[in-house]
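J.: Need the complex rebuilt from these two chains, each delivered in its own frame; the hints are there to steer you.
Chains A and B, in that order, are what the protein sequence lines are.
So the first sequence is numbered by our numbering: it starts at 1 and just counts up by one.
So the second sequence is numbered by our numbering: it starts at 1 and just counts up by one.
Hints are not guaranteed to be accurate.
One-sided and incomplete, this derived list gives chain B residues near chain A with beta-carbon spacing under 10 Å [claimed, not checked]: (1) 41; (2) 43; (3) 82; (4) 83; (5) 87; (6) 92; (7) 94; (8) 101.
Simulated from the structure, these hints should not be mistaken for laboratory data.
Just so it is clear, the structure is predicted and the values come from calculations on it, not from any experiment.
From the three backbone atoms N, C-alpha and C, an ideal C-beta is built for every residue, glycine too.
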Amino acid sequence: DSGVTQTPKHLITATGQRVTLRCSPRSGDLSVYWYQQSLDQGLQFLIQYYNGEERAKGNILERFSAQQFPDLHSELNLSSLELGDSALYFCASSAGGNYGYTFGSGTRLTVV
Amino acid sequence: AQSVTQPDIHITVSEGASLELRCNYSYGATPYLFWYVQSPGQGLQLLLKYFSGDTLVQGIKGFEAEFKRSQSSFNLRKPSVHWSDAAEYFCAVGVTNQAGTALIFGKGTTLSVSS
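Only chain B is shown next, with the shape it has when bound in the complex (with noise of 0.2 Å):
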């Protein structure tokens, strides 16, 4: 069965330090990959997606993330974080079928971000 683990529920990074959010997932296919920022109260918002092609993958708000099919993961990355990057983030595999993808989320890592 598909599934996303996000080993770190809280990670507490300091601002303009550089950030490394981890996620393994298991699908037995080449698999669809989604990185989803949330904000307290909010929706969720896309900051990336892998679908195939080049395994670095860049996306909004500086983020980027690469595929390693080796290992099962697909980390995401951010060189310098800022004090608005404080959000929950989603790692999630998308299960296609002919009329969408289904997401499969992860548990989600809490980002703090101290000054």
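Just chain A, with the same shape it has in the complex (with noise of 0.2 Å):
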């Protein structure tokens, strides 16, 4: 167990549908990151939150949108899916800085 923790673990859904990945960051790290994985693109930077804070984006499609809670849980929101959109969805988190970096074991999201 990493202590990074996504819910759920699979996730089954329909084209134009909306869902939210969840994720619980390992205990006392302030950062969460969100990386998608497929096969076409590869494994992908989506977005970070510091403390509750966008601090950096990278190929975020405008139909996805995430934040991070007061208790430094995030949530990442994919909206009207389509099916290139089906890929392994995964969490980190740090403390910051350049200390060590844990990823989540990941939320497969399938789009049919």
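T.: Okay, structure coming up:
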């Protein structure tokens, strides 16, 4: 167990729908990162939050959004889902700076 | 822009043979470099990282990597491969701000181990 918890582990939904992926960071970590892993694009950085604030943005689509709550858990919201959004979504957390970086086990999203 | 290139998509190595996985990066400043391993259906496990100092970095599971600034490379090596090393390997460069380090990953190299 890495200490980073992602739920659900698997999600199957239809095109056009909206889903929410949840991440609880390792205890004490203030930074949360979201990554998408797909066959086409590989592993891509989506977005970073630090102590509730957005700090960096990567290749995140406008249909996707995220937030980090006061208890530091984070949610990634994916809307108007398309077949191409099917992927493994990873959350990672760190204490900030260049401290250790821990990945969760991922949420596998399948859009049908 | 920062980028990472892993030139080899798939490599097959005999069990007990040595291994080298190549990684080249593009980054304007001193890079933070990482190697991760992913087994089928699993998450990402950190093998080793380079931030500064000694350019030869030791990691877990007997892996090591050497940072060569002149070649913009950070190749991963293991002297003797075990069947359990079969997995996908990702090299990454870290883009750091005060809040943490976002990782830019290469496309990965799939390692197969033959008996």
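J.: Just pull the numbers of the violated hints for me, sorted ascending.
T.: The structure conflicts with hints 3, 4 and 5, although it agrees with all the remaining ones.
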